[in-house]
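From first to last, the protein sequence lines are chains A and B. Each residue of the first sequence is one higher than the one before, starting from 1 at the first, in the numbering used here. Each residue of the second sequence is one higher than the one before, starting from 1 at the first, in the numbering used here.
Calculated directly from the structure, the hints in this document are not laboratory data. There could be a bad hint or two in this list.
[Unchecked claim] Pairwise CB distance ranges (calculated):
no.	chain 1	residue 1	chain 2	residue 2	range
1	A	N523	B	N47	41 to 47 Å
2	B	I22	A	K570	57 to 63 Å
3	A	P589	B	A138	47 to 53 Å
4	B	N47	A	P589	42 to 48 Å
5	A	E645	B	A138	31 to 37 Å
6	A	K600	B	A138	43 to 49 Å
7	A	E645	B	N47	31 to 37 Å
8	A	E645	B	I22	54 to 60 Å
9	B	N47	A	R653	29 to 35 Å
10	B	A138	A	R653	28 to 34 Å
[As the list claims (entries may be wrong)] Which residues of chain A face chain B? A partial, calculated answer using Cβ under 10 Å:
no.	residue
11	M113
12	Y117
13	A119
14	N123
15	K207
16	I209
17	T627
18	G628
19	A630
20	S632
21	S639
22	I651
23	D652
24	I658
25	M659
[As the list claims (entries may be wrong)] From the derived model, a few chain B residues whose C-beta atoms are all more than 12 Å from chain A:
no.	residue
26	F24
27	A28
28	H42
29	F43
30	L46
31	G58
32	K94
The model shown is predicted, which means the values in this text are computed figures rather than measured ones. The C-beta atom is built at its ideal place from N, Cα and C for all residues, glycine as well.
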Amino acid sequence: MSPFVHLPNQQALNHHTPLKIMRFLTIFITLTIPISAQVYSPSNGNGNRDGNANGDGNNTANGSNNGASTTVERKNTSASVYGNELPFVDPTQETITIMGHTFGLGDNRIGGMFESYLADSPNTSEDALEYRATIDSILKAVSPYTKNITVSQKIRDGFSFLPRAASYSGDGRICDSLSNAIYAAMLSKGTVKNSKQYIADLEKEKKRIIAKAEWMRRSGSTALSSNTKLRIGLPKRQNGDAKQAPLHTESYRIQEMQRRILEIETLKKTHQGKSELNMLQARIEYQALLAQLFIQRRFEHVIIGTRFYNLIFQDGSSKMHLKKDSDVNKFFTEGLGVEPTVTGLDSAANEAMRKAKSLVKGFQNHLEYNELHSASKRLTEAYAIGEFLPVLQTVPAPERRIVLEYVRSGNDLIKAMDVRDYTQAKIILEALKKRSSDFDSTKAEGAIAAFTRASNGHIRSAQLALLNGDQESFQEELKKATQVWPTNPKLDEIDKQLDSLLEDSDMVKTLVDDFDRLLSEDNFREIFDRRFEFVPVVKDDTSRKDAIEQIVRNITRIDGTISLAEVSSKNGNNFAAWEALAELRDEFPKDPELLQRLEKLSSKVADFTVALNRAREFEDNDLNPQTGSALSWYMQAKSIYPSSEHAQEGIDRLSKRIMPDELGQEPAESSSENPFDEDMPVK
Amino acid sequence: MPRRSSSNSKKKNQLALYTLAILFAIIALSIGKSFLNQQAQHFTGLNEMSLADLKESGTSLSGNEYRISGEIADRMILANNRGLLVSIKSETAKGEAGLIPLHIPPRVNQINLERGHNYTFKVEVNREGLPVAQDIKAD
C-alpha cells in the first residue's frame, strides 16, 4: 500500500515540480485507493477461478472487475532489490502487489490490517506525544529554514534527537537506522576528507621534488652534491636560475626523482578515485535507506533523512542512484518523467503527508453527514497512504468504530458474494443501505439479481428436463445452477423432489412385495384394506391388477352380504343372516371377517345349524347313503326356520334320490325335456 | 237321639254310594276310551318307528316295517311320477317328537293326503333309511 503506482499508459510528466508531484499523487490516490476493503465488488458470478465461464450472463453486473477484487494471488518471480518488493496498486484490476504477491484490495490480509487499525485505540499516550515532539524537534533542527546555526551544528543537533526518537516503540527503530546511515555517511565523508589531505600532502611532496630537480638542473649534478646551502623552495635568487643551469638527465638522482614524481602522481590518482568511490557508495547506501523508508510510508523519516542528506552531502547533487527499470526509478522516470532525486523524494513525502491530512479531514466531514461509504473510503485512502502518520494515529476511537462496523459489513457482503451466497448477500446489502446514506448498492444488487435469475433459470430447465426424463440435461442444468448460486433455496426443492422420487421408487418395490406376500398368504382382507396403496403400483401389471380387482370385487360382495346379514340380525332374523353368510362361506372359506360373523351368529342359531350340519353329513355319506336321516335333519331345520333355503335345497337334492316305487327300484327316467316335470311342493 | 243317628248314618251311606258310583263311572269311561282307542289305532301289529333311530342311522332300520302316525306337516310331489315326499309331525308313545320323512309311492297314494290332517302309515324303511309308505289310514 505504497503510493507507488504502476500506470503504464500514463504520459510521462516533463518537469519535476512540486505542482506536478501533487497532481501526480492526487491522480494515483484517486485511481488506486478508493477500491478499498469495504467497497463491494462482486466477483465473477460463475465462480470459476479456472476461467470456466458458464456463459449465462454472469459478467453482466461486474463491469470491468473480473472477480479479482477479493482473492487474487499471483506469484512473480522477479527478485530485484527495487523490483517487485515495492507495492504496486493496479486500479484496473483493483489489486496491489507486495513482495511479488498480488492481492485484491478487498483481500482479508489487506483489509485485516485496516480493520486492525480501526479496532485500535488512538495513539495519544504520553510517549507518543513525546515522540511526535521529538520528531518535530529533529525536523526543526535540520530544517533549511533554521538560521544562524552552522551545518555541522545542525547535524549535531538533529542527530542528538534521533536516539530519543528511536526509543519509542512506534518508531520501529527507524531513527536508529537513520542514525547509523548518517553516521556511516559522516565517516565516509571524514575518510574522504583525510584522503584529500593525503593527496594534498602528496602534491606538496611532488612539488618539492620537482623544485629540487629544477634546482639540480640549474646547478648541475656536482653542485647539487657540493652546494649544501641550496634549499628546495628557496627563492631563485638564492639558489640561482635553474633555467640557466645545465640539465644532467643522465644523473641517477634525477632519474630517481622523476620516478618518485610518477609514483606520487599515481598514488594521488588512486586516492582520488577511492575518495570518489567512497562518496558514491555512501550516497547510494543513504539513498537506499531513504527509498526504503519511502516504501514503508515513513514519510516523516524520509523528510528527516533528506534534510540530513542535504546537510551531509553539500555538493548540490541529489540525483538518486537507482537501478534502471526498478520500481522506484519508474516512479520518477515514468510517473514524473524526471530523473529520481532526493529532493523529489522529499517533496513526494511532504505531499503524501498533506494528502493524508486532507483525506482524514474529508473522512470526518463524511462521517458528520452519515456518509459512511465515502467516509470509509477516505479513511482507507488515508490509511493506505500513511498509516504511521500522526493524523491517522490520532483518529478518535468512536469514529473508527463506526467505520469498522461498516467495513465489517462490507467485508461480509464481499464474502457472501464471493461464496455466491446471494441470500445472505441480499440481507447484508439491505442493512448496508439502511446504515449508510451514500452506499451505492446498484452494482451488488445487479449482480445478485443477475446471478439469482441465472440460477433459477437453470433450475427451471433442470425441472423440465426431469419431467421429460432427460437425465443428462437435468444433471447439466443442475450443475450450472449450483455453480452460479450454490445456496439457492430452490436447489433444496430439487433435492426434495429427487428424494421423493427415490422414496417413491422404494415404496413401489415395497408395496409390490407386500402385495405378493399377502397374496401368497391368502390375506385378501389386508390387500383389500390397502387397495388404495396397491392399485396405483400394480396398474401396469396385468396379473396383479386382475388379482386385486377380483379381491376387491369379492370382498365388496362379502361385506355387502355381511351388511345385509347385520340388518337381518337386527330385525331378529338371525337364521336369515346366518344363511346369507353361510352361502358365502362355501365360496370364500378363508375370509376371516365372514367366518367371524358366522361364528358369532352360530351361537344364536345353534339348533338350526346343528340340524343342517347333521343333514349335510348324512347327505354326503356316499359309502352309506342315509337319505332318510338326512331328510329327517333337513326337515327339522326347516321346521326351525321354515324359510331356510339351505334346508329346502337339501330336501330338493335328496328328493331326487328317491326311487319311484318299490324299494331299491331305479328311479324313472327323468323327463328333462319337460321343464315342469320337477319335484314340487304341494300346497 | 236314635233318629238323629239313623239320619247321619244314612247320609254317610249315601255319600259312599255316590263315591263308588263315580269311581265305577270313571273306570267304565277309561275302559271305554281305551277300547275305543284300541279300535281307532291302525296297524297296531306294527311297532312305532323310533324317531331317534331314524335320525341317528336310518339305514339301521332298513327292511323293517313300522307304523307312523302323525300330522302331515309338508308334502312334495316327486317328479317323474315317483309319488310324494311328505313330512310327518309325529309324537311317539315314548315322547319323541319330530318330523319324519316319508316317501309315498304312487301305488300307495290312493287317498287324498292333506297337510294338517292325521294319518297312520304302514312303512318299510328302504336301503337308504328312508321310510316308504306301504299303506295309509286316515285317523
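Point to revise | Contradicted hints - numbers only | key: Structure breaks hints 1, 11, 12, 13, 14, 15, 16 and 31.
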